[in-house]
Structure formats: C-alpha cells, structure tokens
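Going line by line, the protein sequences match chains E and R. Sequential numbering of the first sequence, starting at -8, is according to my numbering. Sequential numbering of the second sequence, starting at 602, is according to my numbering.
No wet-lab data here; the hints were simulated from the structure. Computed from a predicted structure; not experimentally measured.
With the Cβ distance kept under 7 Å, some of the chain E side facing chain R (calculated, not the full set):
1. 34
2. 35
3. 36
4. 94
5. 96
6. 99
7. 101
A few chain E residues that don't get close to chain R, going by computed Cβ distances all over 10 Å:
8. -1
9. 3
10. 56
11. 76
No residue lacks a Cβ here, since even glycine has one placed at the ideal position from N, Cα and C.
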Amino acid sequence: AQTVTQSQPEMSVQEAETVTLSCTYDTSESDYYLFWYKQPPSRQMILVIRQEAYKQQNATENRFSVNFQKAAKSFSLKISDSQLGDAAMYFCAYRRMYSGAGSYQLTFGKGTKLSVIP
Amino acid sequence: DSGVTQTPKHLITATGQRVTLRCSPRSGDLSVYWYQQSLDQGLQFLIQYYNGEERAKGNILERFSAQQFPDLHSELNLSSLELGDSALYFCASSVAAQDTYEQYFGPGTRLTVT
Chain E
-8 AQTVTQSQPE
2 MSVQEAETVT
12 LSCTYDTSES
22 DYYLFWYKQP
32 PSRQMILVIR
42 QEAYKQQNAT
52 ENRFSVNFQK
62 AAKSFSLKIS
72 DSQLGDAAMY
82 FCAYRRMYSG
92 AGSYQLTFGK
102 GTKLSVIP
Chain R
602 DSGVTQTPKH
612 LITATGQRVT
622 LRCSPRSGDL
632 SVYWYQQSLD
642 QGLQFLIQYY
652 NGEERAKGNI
662 LERFSAQQFP
672 DLHSELNLSS
682 LELGDSALYF
692 CASSVAAQDT
702 YEQYFGPGTR
712 LTVT
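So here's chain E without its partners, still in its complex pose (with noise of 0.2 Å):
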C-alpha cells in the first residue's frame, strides 16, 4: 500500500518571504501521480500543483513550484513571495497511475499547517 508522509506539522513563514514544505512517500509503483492541495480556513479542498512521476521536469504554477525526486521518494512544496492568502493546511497526495479495475483514490498526508506572519 502507499503511504504519504509529512513530517512537519506546522509552519510559519514571513509574508513575501519563500517556505519550503517536505512530502515523502512510499510506493513500489513506477508511474503515478502526486498532488499538493490547500485546505483554508473555508475547508474547501483547492489543488494547486500536480506532478506526473514520468516528467523529470518539476511542475510550477505561479508562485508554487515543486520539488520532486523520484528515486528518493521526495516531493516537496515551494511558495515563493507568501501572501496572507496561503496560509492554509497543506496536503501531499499520491495517485496510481493505472488502476485496471481498481481505484484512482488519493492517499494523503497528514497535513502540513502554513501560517503567514505579516
């Protein structure tokens, strides 16, 4: 089975300064997906990056980009110029890539809570 770690809890970062938060996981799988996703306050569920395993270019959006080592098992989350705005829970996720008849369910990790200090 695939398991998603965070190992930070919690984390803070001054505004328009970058934060880098950390995201392992485990999977004999060799092609799959992986997903950062921004839980605010309002509780909805807001992707914002994806990486597909078989790209060895690192996915950007805007100001988030992504970290993603293959071989370690890493794929961690940089937010460059952090606004008031990002401060959230962060979650890691994986995706299989083929399922055949099974699932594409996300496992996620435990979370990563991102506060803004003006």
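Here the structure of chain E is known, so what remains is to put chain R in place on it, guided by the hints.
Showing chain R alone in chain E's frame:
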C-alpha cells in the same frame, strides 16, 4: 467553486442515529469518491462509484454505505452513529474512472455526533 455540491453543509445528530449525506458531481463527471477527514485519521478514502457501480472500497465501516443513482448523484449513509464518526465528509468527482488525474472536491459536510 468546483461545481461539486454537497448537502447539508452541517449536520448535528445523536449517537445511534442514521444520516444521509448527498453529493452532486460536476456536470458530465461519472465518478464519485467519498473521503472522511477527522482529527484522528486525517483524510481517508471511503468508497468510489463509477456510473452507478461501486468501483472500490477503502476504509469504510460496515455501518456506512453509499450508492450512486442514475442521475449520477451519490448518497453516503451513516448508521448507528458513534462519537468517533464526527468528521468532515467530502465527495469528489472526476470525468471518468480512468485516464484522468484531477478530482474536484465539494465543500464537504460537517457531521457532529453528540
């Protein structure tokens, strides 16, 4: 707004009771996933339906059941409720069971069991 709707937003009920949570997927999405978010267990996959058929089960208790109707909306039924069932229940939808990697989450239903 993801296009996925869930009702009710909040639900307060007593132990031993039964409740039904409803989810309407995005227009055109055939697959519905249910997830539970609790303080103890984090975010866990419960069950998936695809075009009316059960596709996969995760950590779903026997007291819980779900179904997907011909109009593709889904309901999650929770019975003999216990205090530990208090959680945020999300549904998510995607276009198909295969060949897609994005699931769109609804706003969740907050269940409180007293």
